[in-house]
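*Asks:* Spelled out, the chains give:
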Amino acid sequence: METLFACCIGFLTACGVFLMLRGRTFPVVLGLTMLSYAVNLFLFSSGRLTLRGAAVLGTSEQYADPLPQALVLTAIVIGFAMTAFLVILAIRARADLGNDHVDGKLPESEMSKKESR
Amino acid sequence: MTLMWILLLPLLGTLVPLLAAKWNRSACALATALPPAIALMLVLLHTEQVLSGNTVRFFLSWIPLLGLDISIRLDGLAYLFSLLILGIGLLIILYARYYLSERDSMPRFYAYLMLFMTAMLGIVLSGNLLQLWMFWELTSISSFLLISFWWHKAEARRGARMALTVTGAGGLALLAAFLLIGQVVGSYDLDVVLASTDVIQQHSWYPILLVLFLLGCFTKSAQFPFHFWLPNAMAAPTPVSAYLHSATMVKAGIFLLARFYPALSGTELWFILVSLTGLATLLIGAYLALFKHDLKGLLAYSTISHLGLITLLFGMGTDLAAVAGVFHIINHATFKASLFMAAGIIDHESGSRDMRKLNGLWQFMPITATLAMVAAAAMAGVPLLNGFLSKEMFFAETLHQHLLGSLSWVIPVLATVAAIFSVAYSMRFIHDVFFNGQPKGLTKTPHEPPRYMRVPVEVLVALCILVGIFPAYLIGDLLHAASASVLGGAVPEYSLAIWHGFNLPLMMSILALAGGTLIYVNRKHLFDFQNTLPDVDTLNSFERSVKSLIARCDQFYQWLDNGSLQRYMVLVLLAFIVLAGVPLLELDTLWGGRDELPIDAVNATGAAMLLIAAFATVVWHRKRVVALLMISVVGLMVSIAFTRFSAPDLALTQLSVEVVTVILLMLALFFLPHKTPKQSEAPRVVRDISIASMVGVLVGSLSYALMTRPLSSISEFFLANAKTGGGGTNVVNVILVDFRGFDTMGEIAVLGIASLGIFKLLTRIPVFKPSSDGEGRPWATERHSLLLSTVSQSLLPLAIMVSVYIFFRGHNLPGGGFIAGLITAVAIILQYIAQGVDWVKERMNVEYQRVVAIGLLIALFTGVASWAFGKPFLTSWFDYFDIPLLGEIELASAIAFDLGVYITVVGSTLLILASLGKMTTSHRPVHKDTI
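Residue numbers (my numbering), protein chains in the order written: chain A, 1 to 117; chain B, 1001 to 1931.
Worth flagging that the hints you see were computed from the coordinates, not collected in a lab.
Treat each hint with caution, since some may be false.
Unchecked claim - Calculated cross-link-like contacts (lysine-lysine; reagent style PhoX-like; alpha-carbon spacing at most 25 Å):
{"hint": "1", "chain 1": "B", "residue 1": "1357", "chain 2": "B", "residue 2": "1675"}
{"hint": "2", "chain 1": "B", "residue 1": "1760", "chain 2": "A", "residue 2": "105"}
{"hint": "3", "chain 1": "B", "residue 1": "1675", "chain 2": "A", "residue 2": "105"}
{"hint": "4", "chain 1": "B", "residue 1": "1440", "chain 2": "B", "residue 2": "1547"}
{"hint": "5", "chain 1": "B", "residue 1": "1524", "chain 2": "B", "residue 2": "1292"}
{"hint": "6", "chain 1": "B", "residue 1": "1292", "chain 2": "B", "residue 2": "1440"}
{"hint": "7", "chain 1": "A", "residue 1": "105", "chain 2": "B", "residue 2": "1444"}
{"hint": "8", "chain 1": "B", "residue 1": "1547", "chain 2": "B", "residue 2": "1623"}
{"hint": "9", "chain 1": "B", "residue 1": "1153", "chain 2": "B", "residue 2": "1524"}
{"hint": "10", "chain 1": "B", "residue 1": "1871", "chain 2": "A", "residue 2": "105"}
{"hint": "11", "chain 1": "B", "residue 1": "1623", "chain 2": "B", "residue 2": "1723"}
{"hint": "12", "chain 1": "B", "residue 1": "1723", "chain 2": "B", "residue 2": "1524"}
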């Protein structure tokens, strides 16, 4: 199971990184969201995988590690806040700059394409 | 404490001329001279103690942990330098009174001068390396101010900049050297350092720290190849040149050589570096001085040459050479300062410093001419003057060294050659200026200076003669005490006498005098030869190289920081790959010995869906709505994963956040283009895929390595104490609101700040409202679906009830403030979607910023409340109550904290989503003052 879990984390990371390297804001937001899934799973996995062992006292013999869970819980909420901030920043940037490129300006190759049209 | 005042008085003295600016010039000068005069007396008070070989100390602990202390230390060497600094400083104050014209700001000049004096005294009196370094830098800065005193002249500004660049760079090297010494010795205290010779010299860092140390000394003391700044610093007013560039500041490097002589000298490396640098400087300076037509230029190169001589003496490594070095420091300071002042008088009273114009001044200013001639003779090393004595000692020492093995005979020969040139340029200074025909093309008729302007020169020249004739009587004790502190104890036998019989050094002196005369008489040929050599403009070439250095740094910076997020991201990721990859390469196996759980069908299906959805997101990322749908599947799968692996709280949180995120991104798509244009070229895609896969492989491997290793966690504590200490059975929630409550406090604060930032970003955003979607289809005009609004209305109380339930059970069962807050927020958002902003606003007119603030305050006050019971911040309390109908229930103060969390989450989420949603309506957030 751990192998599969690690593969999922690795794949999510790779997808997130690839999307974050794109040039437009929206894919970058998607990439960041994807990467935070991966990071949350990674942090969560540092408490090892446990089946049927929720950290509620009196419900089982073997409890899952509650500490990474508490950390990840706040990480999820803060991750949402950060994603939201990034999205709004992207909207604001598009409104102010007139394009949604992450650098705030279209690359020269595209500018010339536009002009030739 | 009197020692402290020696430093404090000149420092306070920087204010005196500024306060006395309104008085007349003489009164201002007098007032300025007062603090250094008192300081000089304080130094003299310690004469007996110091000359008998004692060291006077003053110590004030400042930051002992960093080795920073205020430590003042007066020994023989410091005493000698303090006398030079304060004594010559006083003469300079008097001289500058007459030198500066009405147009120059005298108070400003004096203030800079006093600042410099403080800095210089600080160097020589410091008993702590870091403190010494601070004063060292202060000399660079104050000398910059002094050189650029006539800031309206371009050459003054350029010269000052050059001096600051060179000496400042050297200062950084010196700092590095001091820090290394501090690391090696374990203390920055000078006494400890000087007593740790073996520790320093046997350490493997010794070569590095020595080179850095010497870089600092050589730049300051204008040693070859850093000598070029000194002639350019001659753009300064002459009192500055006399004070800084002959008597004191350029001696600071030499002082440091002497100061650290016991700790650093005596090794092969020291001999080679110091003596060869000194020798080269001695020769180059002496040779070039002859060809300078500017009086001050000649003196500047001569100073370089003499500094080289002293450096060479300290490099030779014999005790007697060090004594000779100290002696020459004194002698050079006296005759060179007086020569500079004489040059200043000539400049002042004849309007020129060009030796091609200045001729035959003897007839106009006989007294000044006599004084200058005596001083120049001392510089040339004529008997009965002080320069002769130290030069004799120098010659004698060159004969006793064995630095270059069988080639050691070269050094005395080269020393004689340098002395020949020294005689030649001294003769030029005398003959060319005061004799040799009539002045040519002077703008004014030269005359004697004001009476008191000559006094400083007279005093110094008198010292030259007196020391030259009665050396042992006048400065024998001082020299002995100073040499003792350089050598760290025993001083060898030496005799300070004019006559030592006919010996080799005397022969060398005679040879120098004769050879110098010969060269001067035949100078025309030498000048002709020199004129055929290309003229190097050091100032221009220096500035060019600085400029090109800056340009290259700029280029590199532009390349690195080109404003492209993609570029930064790639660099950061590459750094991650290296940093995370290298340790993994060193790891033998990834598997850490923990058995894996079996894979069941549900997990396998979930994982497959996750992978497919993630892949689909990437593939379709240019069709933004589709990508959004796909990524929400990923989020769903993640929350299912949390459920499977025993984290119900996480699953609930992830699920509700997922809903909010998707709504947010949908809303965002209204304002953003719906498709991403195809942009990346194929090579770029290949590059990004490689980087992404590498990062993915690394993170996956790391995670596998982590998961298969046995767990030893601090969580045992939380599991054991959750019920007894925190009063709850849901350990995750107890950690959040109790054990790690402070963290949670910070996290909800971040949430609040982010939402406020978003609110702020959306105010006054330029209006643009897309009228159609990405396909060109117009947005639907019908307002709200009847079905949805009916269902949502009936859903609201249900949802609120669920969230209250989740909130209250959170302490004992999965749930809590975060999750409940998100559920409430989603329920309200649903109303916005179903009914529109106006409808909600009519029924629930709340400013969400306030909600956020209230939530944060509740959390904060719960924490503060525990202070009232004498407990630390956020200590929780709980008890059991028997309430009719409900039975026994448990109430914990943590629930109030959780309420704060709940309200903050609701407020922040709604603030974010509602602000964005309102953008499409007339309720856009705007500044109140713009309405």
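*Asks:* Is the Cα-Cα distance between residue 105 (chain A) and residue 1444 (chain B) 25 Å or less?
*Replies:* It is violated: about 66 Å lies between the C-alpha atoms, which goes past 25 Å.
*Asks:* Taking 25 Å as the top limit, are the C-alpha atoms of residue 1623 (chain B) and residue 1723 (chain B) close enough?
*Replies:* Violated - the C-alpha atoms of residue 1723 (chain B) and residue 1623 (chain B) are around 50 Å apart, more than 25 Å.
*Asks:* Quickly compare the C-alpha distance for residue 1675 (chain B) and residue 105 (chain A) to 25 Å and report which way the hint goes.
*Replies:* holds, 17 Å
*Asks:* Between residue 1547 (chain B) and residue 1623 (chain B), is the straight-line Cα distance small enough, at 25 Å or below?
*Replies:* Not satisfied, since the Cα-Cα distance of roughly 50 Å exceeds 25 Å.
*Asks:* For residue 1760 (chain B) and residue 105 (chain A), compute the direct alpha-carbon distance and say whether it is at most 25 Å.
*Replies:* OK: residue 1760 (chain B) and residue 105 (chain A) at ~23 Å, within 25 Å.
*Asks:* Is the straight-line distance between the alpha-carbon of residue 1723 (chain B) and that of residue 1524 (chain B) 25 Å or less?
*Replies:* Judged against 25 Å, a Cα distance of about 103 Å means the pair is violated.
*Asks:* Check the hint pairing residue 1357 (chain B) with residue 1675 (chain B) against an upper bound of 25 Å on the C-alpha distance.
*Replies:* Answer violated: residue 1357 (chain B) to residue 1675 (chain B) is near 81 Å, above 25 Å.
*Asks:* Check whether the Cα positions of residue 1524 (chain B) and residue 1292 (chain B) lie no farther apart than 25 Å.
*Replies:* holds, 13 Å
*Asks:* Would you mind confirming whether the straight-line C-alpha gap from residue 1153 (chain B) to residue 1524 (chain B) stays at or under 25 Å?
*Replies:* violated, 33 Å
*Asks:* Quickly compare the C-alpha distance for residue 1871 (chain B) and residue 105 (chain A) to 25 Å and report which way the hint goes.
*Replies:* Between residue 1871 (chain B) and residue 105 (chain A) the Cα gap is close to 55 Å, so the pair fails against 25 Å, i.e. violated.
*Asks:* So if I understand the rule, the pair passes when the alpha-carbon distance is 25 Å or less; does residue 1440 (chain B) with residue 1547 (chain B) pass?
*Replies:* Distance of about 40 Å is beyond 25 Å: violated.
*Asks:* Do the alpha carbons of residue 1292 (chain B) and residue 1440 (chain B) lie within 25 Å of each other, as the hint requires?
*Replies:* holds, 18 Å
The structure is inconsistent with the numbered hints 1, 4, 7, 8, 9, 10, 11 and 12, although it conforms to all the rest.
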